[in-house]
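Q: Protein chains in written order, with the working numbering: chain A, 1 to 318; chain B, 319 to 636; chain C, 637 to 926; chain D, 927 to 1216.
Hints are computed from structural coordinates only; laboratory data are not their basis.
Where a beta carbon is used, it is the ideal one built from N, C-alpha and C, also for glycine.
Watch out, some of these pointers could steer you wrong.
[Claimed, not checked] Listed below are several chain D residues computed to face chain B (Cβ distance under 10 angstroms; list not exhaustive):
#1 P993
#2 A999
#3 N1001
#4 Q1019
#5 V1085
#6 T1089
#7 Q1148
#8 W1149
#9 D1150
#10 V1179
#11 G1182
#12 F1192
#13 E1200
[Unchecked claim] For lysine to any residue, the following SDA-like pairs were computed, each having C-alpha atoms within a straight-line distance of at most 25 angstroms:
#14 D:K1102 <-> D:R1079
#15 B:K628 <-> A:T218
#16 D:K1213 <-> A:A17
#17 B:K628 <-> D:F1199
#18 B:K590 <-> D:F1199
#19 B:K599 <-> B:D582
[Unchecked claim] Partner residues aside, some chain B positions facing chain C, computed with beta carbon under 10 angstroms:
#20 N469
#21 H526
#22 Y553
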Amino acid sequence: MQYQPMPIKKGRAKPPAYKIMTAKEAIEKYIHENCYLGMTVSAAPAALIWEMVRQRDRIKTVDLVITSQIGMSSALIGAGLVRKIEMGYNWGGIEGEDKVFRRAVEKGIPRPLEVEDYSNFGAAMRWAAASMGLPFMPTKSQLGSEIPEYNPKIKVINDPYNNEPVALVPASYPDVAVIHASRADEIGNVQCFGLYGNTDTLARSAKHVIVSVEEIITSAEIRRMPNLTTIPYYYVDAIVHAPFGAHWRESNYYYHHDLAFGLDGYRQFATKEGFDAWIEKYILGTKDWDEYCKLVGYDRLYRLMQSEHKYQQFGEVR
Amino acid sequence: MQYQPMPIKKGRAKPPAYKIMTAKEAIEKYIHENCYLGMTVSAAPAALIWEMVRQRDRIKTVDLVITSQIGMSSALIGAGLVRKIEMGYNWGGIEGEDKVFRRAVEKGIPRPLEVEDYSNFGAAMRWAAASMGLPFMPTKSQLGSEIPEYNPKIKVINDPYNNEPVALVPASYPDVAVIHASRADEIGNVQCFGLYGNTDTLARSAKHVIVSVEEIITSAEIRRMPNLTTIPYYYVDAIVHAPFGAHWRESNYYYHHDLAFGLDGYRQFATKEGFDAWIEKYILGTKDWDEYCKLVGYDRLYRLMQSEHKYQQFGEVR
Amino acid sequence: MSNYTRDYSMPELMAVTAAREIKDGELAFIGVGMPLMAATVAKFSHAPNFNMMVEYGAMGPAPLRLPMCVDCAVNNERAYFAGSQREVMGAQQAGFVDVACISGAQIDKYGNLNSTVIGDYHAPKVRLAGSGGANDLASSAGRTIIMLRQDGRNFVNKVDYLTSPGYLSGPGARQKAGLVGNGPAAVITTMGVYRFDAETCEMYLEKIHPGIDLKDIKKAVQWDLAISPHLTETELPTEEQIMIMRTLDPLAVYLGTGRQTLAGDFEAFMAMFENSYHPMVKLMRSKGMI
Amino acid sequence: MSNYTRDYSMPELMAVTAAREIKDGELAFIGVGMPLMAATVAKFSHAPNFNMMVEYGAMGPAPLRLPMCVDCAVNNERAYFAGSQREVMGAQQAGFVDVACISGAQIDKYGNLNSTVIGDYHAPKVRLAGSGGANDLASSAGRTIIMLRQDGRNFVNKVDYLTSPGYLSGPGARQKAGLVGNGPAAVITTMGVYRFDAETCEMYLEKIHPGIDLKDIKKAVQWDLAISPHLTETELPTEEQIMIMRTLDPLAVYLGTGRQTLAGDFEAFMAMFENSYHPMVKLMRSKGMI
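When you get a sec, could you build the whole thing from the sequences and use the hints?
A: Right, dumping it as structure tokens:
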């Protein structure tokens, strides 16, 4: 009787290996032309996005998938990198109207932008599905609205148990996720303090995951309080040390939102020329995140940190 | 033109009110005859289960829904309370074969027990569905096996995106969940340290939730590290202060599994007479959890606590 | 109780009116901006046991400063829970949220909202933010409070894109669509307060803001608006309610011109925190909240 | 490397044989009992960068003592992650688990397992534990290692209840059923080691344990068992591998009669921790793990 030993296939788990690299290295290694890029709003992965803008001539085009986004997606849109966005919300939050997004959708400036709309929870459930290896998730959102009518990927069916309508959303498996978090060890165990939105499920859905963090800590520190680990190492490809890496936005327990800076930026984003000048100064004109921070001013960043620490710091669990 | 103001319906959220009561009070208030009772294995809600056994003449019959269970479900089964069990696993773990469960299923002793089988994750996804208000969840488990053939509640369909098989499980909304956790404040914000299995989703699925805890803490302590809150107050009806409330099993960071006690118990559970004598001594013969602890011995419990603390304690998040 | 005041702005009146929709002990889903101010007024006055959820994963915060966005670190400050969006959004889909505040650019007589596009979806005149959480809350929250500017053109016969369901096409339509929540309870605008007829599900005018002319309201609504036979004037804010809002948000970032003031002025921004810290501490102490 | 030893028990041989199936850097889903001993041997010898997941919500523990169950506090000790079952079970369904150890009471030639009932489901001769996580891991883990006692009656033509899928009815059947994982890679029993033919998906005997007679194996299998033309004897445990297991589990709770020893004897149980603490510290120090 014949026999032929089974070949053993490789799983998706990333190894517990040294994963620290620069933003430049991580973006070069994982973000390629026509990449399907996942991103979420808590916290803002500014250090990684700025680096993508610096490498835009190489990257050329990405398709974005977000739940909500404020600012980061529009930096990429304004820089001419985005062909399509799958989204729940893309606007300016407290900084107001997102003219970059409007120009792209309404006028194709700097390039046409295709939009695929979901509700926030509908968009979030796409990553919930992918994070568990499922082809779809049901939701009780989006029903009755016109969101499914303009987005054929959302399928309204009668559930086979109660015969009541549910709206299915398909799993989203981004090629790469870019995430900003509180801290990580060098093999990629990541902790997100405070509210972190969909960061957890996004990391579980993407084929490759780049996480920038405020602090690198030892694995021994991770092991002291494993309940705080939100993204275990096996999802993570690269850890980028980027202190203040979410500025102008906030990082829970680290520093406060720099509203003065954000409002000023959005004022400049009102025109294409203003946007171009802004990224020329702050992104293209700086060679890396440290230079950006110097341009903003570490004294200013430090004051934002003190402002946050006045109100909250993580500490003893008694 | 006529008008008739809309009546405002009440939501499901429990109020942020004082919720501390004794196990006796909580079981009397929420557990009634024919109750559909949810329970999970981490941690073992022994103090609450013992109280149910004490009140068995009043309660008479419950239907259980679990993912995995070790010991607690069989205490109820052996006490003649359980008509049906929906489950992934019900056995003795390290304590070995569950003769109580076997007697009930194989011989109807002390009463016939109907079984509805799922895989563990299949069972878990029923609470994942309920916790988000969904009628069902898809899984990639259970496919190809005979589990769905013997359980018509599991429906295998081709998913509408890739046309590949998925096994749907229906949401499970228990009437009451009994849970043991680390600590809670008096309005019912609950923290579970260590591994807590499905405790989070079970609490979100049940109509009423009773949580016994090792420690009552202030709301100010909850507010110091809100990332550690696993069950927010709005799910919780009753908080029962039950130190060592999972004995003979363990409570992460509090005390170790009492294997010597558990093995001895399972040895006695091998016969109906042995089981009856055991519950007579430890449960029916004690009027409450404090008396049970005294019978076991607080010196012994304290040594189990020290044994756990030698290896791990929660503490500073640096 | 403090006295009514006439020293208020229209956004302040709207926020206070929304605050009055929130009951003590409720759980509410709140976005930043005007809903946040409404929630704060409620919490600091008649509803101390009310708690708010914030979309990106926080519940029950008790901050001493003004949150900047739904994912802002401030929402985590002394919260009962912080973590994932799944928790708060899952809870609301499961029926745990009593009340939610939402908005939109257009509304129709059934309370359906559009926050996606003005004009054609595929060639929009104005592209807007998209649903965000509005559709989710409109779908599943126990009830919704809708807040929007009434600009004369946005109370329309048909919204250009139905982002967030009100009563859809009328009686029974929400149930038929499979929606969990009960739909809109009130619409609070720059002109008045509207509710919905239990039988027809149509919006009617319940209260009119001080100084607003009923004729102007009728002109600002495209359909034939029903008026309550008990039409009254909107209750004025109290001095205390105004004090609460101005203590938390002294520069009127949310209810006035604060954003213009702060754009590019870091020192003014830092000073805002410095100057509001002690008044906030004092206010929360007086309420027994710290 | 330390030398091979003949001072071992059959459970120890099985655990060591399973340990050799685990590669460095892999992520494995491990239950307590024999799989835990296998995982520990792997971690402390050839696979220091391998990490285990435990079903009730832990990953990467590095404990100084013996875990008692899948929900045991020990699994949390110095872990990389602790929390919900959803994390570890979701990860495995999504394809992140390289290898998992499972078991059952009956097995057929395609590696299908029964851990639910012996006899008729509705009137069972013996009711067993049920699937637990076994079905989930058999469905979705990258590969599975099956460990079970071979008692002469449990290698059957047809399992009484198919709890955990092996290759189901043969080639292509897993894919057709929609299963994510690749199915069983090895079956380790009290008699030998079996693998599966890539073309037919049928189990064949690859290795025979020292002292076991091939004729006895054939008698213990109901179907016509294929034998590898390269049939060899199972590699013996090394002295170090045996030392590791006996340091972690000095009373042979999992691989011997420890449970009989401890039942009812609290002092013996406490002494087990006391006595194993320093040897475990010394062992982990020698491996650079603490």
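Q: None of the hints should be skipped; say for each whether it holds.
A: Hint by hint, here is what the structure shows:
1. P993: holds (9 angstroms)
2. A999: OK, holds: A999 (chain D) within 10 angstroms of chain B, min 4 angstroms.
3. N1001: holds (6 angstroms)
4. Q1019: Where the cut-off is 10 angstroms and the nearest Cβ of chain B is about 5 angstroms from Q1019 (chain D), the hint holds.
5. V1085: holds (9 angstroms)
6. T1089: The hint holds - T1089 (chain D) has a Cβ within 10 angstroms of chain B, the shortest such distance being about 6 angstroms.
7. Q1148: violated (19 angstroms)
8. W1149: Where the cut-off is 10 angstroms and the nearest Cβ of chain B is about 19 angstroms from W1149 (chain D), the hint is violated.
9. D1150: It is violated, given that the least Cβ distance between D1150 (chain D) and chain B is near 24 angstroms, above 10 angstroms.
10. V1179: holds (7 angstroms)
11. G1182: Violated, about 13 angstroms.
12. F1192: holds (4 angstroms)
13. E1200: holds (9 angstroms)
14. D:K1102 <-> D:R1079: Since the Cα atoms of K1102 (chain D) and R1079 (chain D) sit roughly 30 angstroms apart, the hinted pair is violated (cutoff 25 angstroms).
15. B:K628 <-> A:T218: holds (22 angstroms)
16. D:K1213 <-> A:A17: Status holds; Cα separation ~18 angstroms.
17. B:K628 <-> D:F1199: holds (10 angstroms)
18. B:K590 <-> D:F1199: With a Cα-Cα distance of about 33 angstroms, the restraint between K590 (chain B) and F1199 (chain D) is violated, given a limit of 25 angstroms.
19. B:K599 <-> B:D582: holds (13 angstroms)
20. N469: This hint is violated: N469 (chain B) lies away from chain C, its Cβ roughly 24 angstroms from the closest one there, beyond 10 angstroms.
21. H526: violated (14 angstroms)
22. Y553: holds (7 angstroms)
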